[in-house]
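K.L.:
So the protein lines, in turn, are chains A and B. Sequential numbering from 1 applies to the first sequence in full-length UniProt numbering. Sequential numbering from 1 applies to the second sequence in full-length UniProt numbering.
Hints listed in this document are in silico derivations from the structure and should not be mistaken for laboratory results. These numbers were taken from a predicted model, which means no experiment stands behind them. Glycine included, C-beta positions come from ideal geometry on N, C-alpha and C. Watch out, some of these pointers could steer you wrong.
Beyond 12 angstroms from chain A on every Cβ pair, some chain B residues (computed) [claimed, not checked]:
1. Ser9
2. Ala10
3. Arg13
4. Ala130
5. Ala138
6. Lys140
7. Ala142
8. Ile173
9. Pro209
10. Ala219
11. Phe250
12. Ala263
13. Thr291
14. Arg305
15. His437
16. Phe449
Among chain B residues calculated to face chain A with C-beta under 7 angstroms, some are [stated by the list, open to error]:
17. Arg143
18. Leu170
19. His220
20. Leu224
One letter stands for each residue in the lines below.
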Amino acid sequence: MSALAALARVEAFEAGRAVPLATVRHVHLSARPLVFVPVLMAGEAAAPLAALVGTDRTDPRLLVVDQPRDRDQRFVFLAELARIVLDHVAQCRGETELVEATRNHEQWERHLDAPQLVVPNPGGIEAMRLLGRSARFRSAQGPYPVDPLVPVLGRYLTWFAQDRAPTAGSSVCLALTEVLAAHWATGQSALEDQHLAALLAWIVPDRFGPAGAGLTGPQAAALAEDPDRWPSAGPATDPEFDTGVLSALIAAQQRAEGDADAAHAARRALREALRGRLQPTWDLLWQGLDLLRALPEAGHDEHRWRVDRGRFTDFARAVDEGAPPQPRRESAVAAARRLADLEAAQEAYDKQRALDDPLMLAAYRVTGEAFAGTVVAVDAERRDTSGRTPKPRPRVWLRTADQVVLRQGTKVACPQRPNQRPSIVSVTRQGADCVVELELSNDMGRKAVPDEGSVPEPGESRCYATVLAAEFFPPPPLPDPEQTPWTHGGPPAQYTPAGADHDEDWH
Amino acid sequence: MTGSSAERSAAARAVIDAVTADLLGAGHRGVIVDSPPGAGKSTLVVELAGRLADTGEPVMVVAQTNEQVDDLVDRLAAAHGAPGSGRGLTIGRLSASGYVPTQRVARHTGGPHAADDSVTVAGKVADLGAPAVTVATAAKWARTAQPERPAGGWRWAILDEAYQMRSDGLLAIAPRFADGTALFVGDPGQLDPFATIDGERWAGSPWDPTDSAVAVVRAHNPRLPVHRLPYSWRLPATAAPLVCRAFYPFTPFEAGSAPQDRAMKLPGAATVAGPADSGPIDQALDLAAETGWALYELPARHTVRTDTEAVDACARLAARLVRREASVFDPGYPGGRPVTADRVAIGAAHRDQAAGIRAALDRHGADLAAVTVDTANRLQGREYDVCIVLHPLSGRRDATAFHLETGRLCVLLSRHRHACIVVSRAGIPELLDAHPHTEPVHLGVPVKFPDGWEAHQAVLAHLGGHRVTAAR
């Protein structure tokens, strides 16, 4: 937690209401997100129990596994889920746009939309990952055949939960508590923030309690602790529900065996009980999305969603072309590529947020990685004459009250001119202030004198930060997987669908 | 302490000979050399580069930072390139565009003021003119074109600071020497490489890309021979046993110097002008001069990271040390050598702490500008006479994995040749006892031992006998 976020929490505690951590929305929200509230059965890793799912807030689909210990029923559940998820995916694959060829990539078509799954919390993403893993290696043939959509669903769930969700800046798979906590600070602990109801209680306390009660955040959060009104958002169920309600309803079904009417009644009772547990979370989820939608879109939103659309296009085509399921363990080369990808995405997301949002930039000032102040002097005529042609190298002196911990030679940039990366020449203390001397070396035009407006003027306010000066280089080339050197165990074995996939003991 | 100085030198040379035999014996694709702090790792690298080059086949040397590359180039040139050095090897330094040779490299590149012309600097392998030894950073090697094999492949590779190299970095450069033999050299007790994202998804995988290069090589090639350098030539006899016990309990090493070889003398406190309230400061300095260690303990308190009192104590200790004109004695300087500001370092865990200490030093006077103030990460591989350490857990409420990391504490406590002074708030043992271990345990991840808790307790137990309580 940054010092600024800690301060915001203290302020929220004092005010009895959540405090904004961001001025804009740093995630993309699709016009029709697919909202998914899964719950798993306690005691097994990936035994689905129920889910509310859909794109229409007034009409969620309830999927239930009547006998969650019955493995066949689990895959019937997954087949039903597959129809909904894959239908959502298919709807995003309508129109495409043409992407011009670049040096490294030939011309291609990119889908104009991408799917978006929203789950209540990070546990929901983990549930998707587990379900994806249990589904993607299954087959429509062989000893335990499943619906042919199940392995496709498995690949998509894996893509959402394992490939895209951990990638910074990707919005195709969102955990709502995480997104809300990134935009608002509450006066409760990070652990309490993981309960969607308690988190929303701090942000919109008026929605809790009787109308017009005018509750404060902590009062509303105390109400949100009532597990009957605001049950756990999953994927784990409340143990009291398990023992008090669920086990009785499952036992009732077993007792009703042979009696069609009683069995039907028992199943209906189970469905009603589960709907009652999931509906409050469903409603909260849509309220949370409304809150996020009310925030202005971040400047880089379109750019990031374009990346998501591109990745979606690639993945959907690969699935169409019959690519094998994602391996259980990434090979050495694939893991190194993924790490480079994740690190680059994180760096880009940090930079974009700092550019889009002054509150994000302020957090860097607190740690000394950014400083803001007034330009006190400029030497715009200064040139470097050591080479054959003199180059403009203006110097700028900026007075700041911030603690500057950056070293000489560090590159910084400011939101007004993010491509200009001056380096720090010196930092001189003047009383409580610092005067930072910067040398400009780029983004001043091609002429012998800097273009108009490309050099800061005395009196201007600027905020320079290292995060804004981050430059992106393609990662170094890695060997092809079949060329994996001996240091990393040599080339990996080819994937062949094996019977062993069915027999994993955690199924 | 075993044997005479000559015997210890012979034992260290025997390790180099054994490593050479394993490399030239061609029975292994790689050899690992573990080195405790200051055990002559660079000497080993320079010596082996020469011996491998004697085979007439090209040697690639990989270091992690440009600073390290320049140091190695300088030492290689002085040992093997200079006229009269015996080998007369040519050395190539691959560099990124815009690299300006540092002075220590430039003096080997020929020209009117150079000592010799054994070093060539270029951005591409082809422009170096096939030198016997080519040195570059791992990042630069990863971006050089893969030479045609076998003609242009590297028969020999030496990877320095291999414990600080990430597995994915090794994967990018390993194809360049995949048909040859590699020597991995490093200090297993130092800071592990880090990633800016959470690498939990790969935990337990034998090719976790966030793991160190040596860990991944050993996981896949468990039979590679591992050698150890037996003596720390840097750490004094007062420090080696503690550092060994706390951080290297299963790979013992000893100080290369005898207790009587090193001494630090401080003229009497009364003779020096300075603030009159420096009583505990002087006591801490005297204790450190006498025993090699001091714990300057401030009253227990939970503080922000940049704890003003602790930061100021670090600066005052350094200022007082320099102004009291301390001097150190060792066999290389039997007549003594003053502890000037550039021979003193102050280490901290965080950059803002280092910045705070720097600012405090500036307030104490311009003569302290040469004192090094840095984070553990940046102090790795460096050496000073006296090191002042702001304890990573000082004033904290929690003991996170970052602050508990053994490598961080090990780096901070193993930079000095003579004395180390730790500045800390009281109450760290209690914090360690009260704070539960919350890191998840993963299947397939080798247990790292000693863990941070154990190492910190060992260090604090020792420092408890060297405590000076700060005046309130």
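K.L.:
Each hint needs a verdict: does it hold in this structure or not?
P.N.:
Against the structure, the hints come out as follows:
1. Distance check for B:Ser9 against chain A: the nearest CB is about 33 angstroms away, which clears 12 angstroms, and the non-interface claim stands.
2. B:Ala10, annotated as away from the interface, keeps every beta carbon of chain A farther than 12 angstroms; the closest lies near 33 angstroms.
3. No Cβ of chain A comes within 12 angstroms of the Cβ of B:Arg13; the nearest lies about 28 angstroms off, and the non-interface call holds.
4. Under the 12 angstroms C-beta cut-off, the non-interface status given to B:Ala130 relative to chain A holds; the minimum distance is some 23 angstroms.
5. The Cβ of B:Ala138 sits about 9 angstroms from the closest Cβ of chain A, inside the 12 angstroms cut-off, so the non-interface label is violated.
6. Look at B:Lys140: its CB is around 9 angstroms from the nearest CB on chain A, not clear of 12 angstroms, so calling it non-interface is violated.
7. With 12 angstroms as the threshold on Cβ separation, the claim that B:Ala142 sits away from chain A is violated: the shortest Cβ distance comes to roughly 3 angstroms.
8. The non-interface label for B:Ile173 is inconsistent with chain A: the shortest C-beta to C-beta separation is roughly 8 angstroms, within 12 angstroms.
9. With a closest Cβ-Cβ approach of about 4 angstroms to chain A, B:Pro209 is found to fall inside the 12 angstroms limit, against its non-interface label.
10. The Cβ of B:Ala219 sits about 8 angstroms from the closest Cβ of chain A, inside the 12 angstroms cut-off, so the non-interface label is violated.
11. For B:Phe250, the non-interface assignment is confirmed: its Cβ lies about 24 angstroms from the closest Cβ of chain A, beyond the 12 angstroms cut-off.
12. Distance check for B:Ala263 against chain A: the nearest CB is about 35 angstroms away, which clears 12 angstroms, and the non-interface claim stands.
13. The Cβ of B:Thr291 lies farther than 12 angstroms from every Cβ of chain A, with a closest approach of about 34 angstroms, so its non-interface assignment holds.
14. Residue-level check failed: B:Arg305 sits 9 angstroms from the nearest beta carbon of chain A, not beyond 12 angstroms.
15. Every CB of chain A is more than 12 angstroms from the CB of B:His437 (nearest about 18 angstroms), matching its label as outside the interface.
16. No Cβ of chain A approaches the Cβ of B:Phe449 within 12 angstroms, the least distance being about 25 angstroms, so the stated non-interface status holds.
17. Interface restraint check: B:Arg143 against chain A, minimum CB-CB distance 5 angstroms, threshold 7 angstroms, status holds.
18. The beta carbon of B:Leu170 is positioned within 7 angstroms of a beta carbon in chain A (closest approach about 6 angstroms), and the interface hint is therefore held.
19. Look at B:His220: its Cβ gets to within about 4 angstroms of chain A, closer than 7 angstroms, so that hint holds up.
20. The interface hint given for B:Leu224 is broken, as the beta carbon of that residue sits about 10 angstroms from the closest beta carbon of chain A, more than 7 angstroms.
Of the numbered hints listed earlier, those contradicted by the structure are 5, 6, 7, 8, 9, 10, 14 and 20.
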